[in-house]
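Participant: Could you build the full structure based on these sequences and the hints that come with them?
With the working numbering, letter number 20 in the sequence shown gets 161, and the count goes up by one each step, no holes.
Everything labelled a hint here was simulated from the structure, so no lab data went into it.
It cannot be assumed that every hint is accurate.
[Stated by the list, open to error] Listed below are the simulated SDA-like cross-link pairs for lysine to any residue, each with C-alpha atoms no more than 20 Å apart in a straight line:
| # | residue 1 | residue 2 |
| --- | --- | --- |
| 1 | Lys277 | Tyr237 |
| 2 | Lys280 | Ala251 |
| 3 | Lys280 | Leu225 |
| 4 | Lys277 | Gln294 |
| 5 | Lys277 | Ile266 |
| 6 | Lys277 | Ser289 |
| 7 | Lys280 | Gly258 |
| 8 | Lys280 | Asp255 |
| 9 | Lys280 | Glu224 |
| 10 | Lys277 | Arg230 |
| 11 | Lys277 | Arg236 |
| 12 | Lys280 | Glu291 |
| 13 | Lys280 | Ile229 |
| 14 | Lys280 | Pro290 |
| 15 | Lys277 | Phe249 |
| 16 | Lys277 | Ala228 |
| 17 | Lys277 | Val232 |
| 18 | Lys277 | Asp256 |
| 19 | Lys277 | Leu293 |
| 20 | Lys277 | Asp259 |
| 21 | Lys280 | Ala228 |
| 22 | Lys277 | Asp255 |
| 23 | Lys277 | Ala251 |
| 24 | Lys277 | His267 |
| 25 | Lys277 | Phe298 |
| 26 | Lys277 | Leu261 |
| 27 | Lys280 | Arg230 |
| 28 | Lys176 | Val166 |
| 29 | Lys280 | Leu300 |
| 30 | Lys280 | Phe298 |
| 31 | Lys280 | Asp256 |
| 32 | Lys280 | Leu263 |
| 33 | Lys176 | Val165 |
| 34 | Lys280 | Asp227 |
| 35 | Lys280 | Asp259 |
| 36 | Lys280 | Leu261 |
| 37 | Lys280 | Gln294 |
| 38 | Lys280 | Arg301 |
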Amino acid sequence: MSLDPTARDILVIVSLVVGVLGFVVALVAFLWIRKARRDLALLAADGDNDSFIGAVARKTEEVQALRSEVDDLAALLAQTRTELSDAIRHVSVVRYDAFGDMGGRLSFSAAMLDDGGDGLVLTSIHGRSETRSYIKGVKSGQSEASLSPEELQAISFALRGRSA
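Facilitator: Right, here's the structure in full:
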């Protein structure tokens, strides 16, 4: 059977197009397989220095060690906060003139309290010829001893974190 020249030319062109498409598909498949082999070789490399899995394992161990350190630090922080609540951290000083004939606000009451309002009030009364000092214990912001208005003010300011 013989084909006319135009039909033969069309058949040659179609064959050529199919051949080129087959070559392109083969080239893409070759490149894809080559990349897959390279990735597989990286994952399964011998020796921890070149192995992706070894590197991931090392980083996982480092992260676990860091998490352990963070947990230890969190426990230490909680312990420090507990201990710090008993420390005298709230201090306030109120200065005043104890006597009307003296100026300069040389007398003072200083409250020194912890987070629970426990501590002391130190008062120094300055007069012309003498100075007297008093210390009164404070429990939960209150004292068994009678407190002057300035001492109450110093305790109030210390509990609010203010100073006069």
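Participant: Hint by hint, say whether it matches the structure.
Facilitator: These are the hints, each one checked on the structure:
no.	hint	result
1	Lys277 <-> Tyr237	18 Å, holds
2	Lys280 <-> Ala251	15 Å, holds
3	Lys280 <-> Leu225	17 Å, holds
4	Lys277 <-> Gln294	14 Å, holds
5	Lys277 <-> Ile266	14 Å, holds
6	Lys277 <-> Ser289	11 Å, holds
7	Lys280 <-> Gly258	6 Å, holds
8	Lys280 <-> Asp255	10 Å, holds
9	Lys280 <-> Glu224	18 Å, holds
10	Lys277 <-> Arg230	17 Å, holds
11	Lys277 <-> Arg236	17 Å, holds
12	Lys280 <-> Glu291	17 Å, holds
13	Lys280 <-> Ile229	13 Å, holds
14	Lys280 <-> Pro290	17 Å, holds
15	Lys277 <-> Phe249	14 Å, holds
16	Lys277 <-> Ala228	18 Å, holds
17	Lys277 <-> Val232	15 Å, holds
18	Lys277 <-> Asp256	18 Å, holds
19	Lys277 <-> Leu293	11 Å, holds
20	Lys277 <-> Asp259	11 Å, holds
21	Lys280 <-> Ala228	14 Å, holds
22	Lys277 <-> Asp255	15 Å, holds
23	Lys277 <-> Ala251	10 Å, holds
24	Lys277 <-> His267	17 Å, holds
25	Lys277 <-> Phe298	16 Å, holds
26	Lys277 <-> Leu261	6 Å, holds
27	Lys280 <-> Arg230	15 Å, holds
28	Lys176 <-> Val166	16 Å, holds
29	Lys280 <-> Leu300	12 Å, holds
30	Lys280 <-> Phe298	15 Å, holds
31	Lys280 <-> Asp256	11 Å, holds
32	Lys280 <-> Leu263	14 Å, holds
33	Lys176 <-> Val165	17 Å, holds
34	Lys280 <-> Asp227	12 Å, holds
35	Lys280 <-> Asp259	4 Å, holds
36	Lys280 <-> Leu261	8 Å, holds
37	Lys280 <-> Gln294	15 Å, holds
38	Lys280 <-> Arg301	16 Å, holds
In this structure, none of the earlier numbered hints is contradicted; all agree with it.
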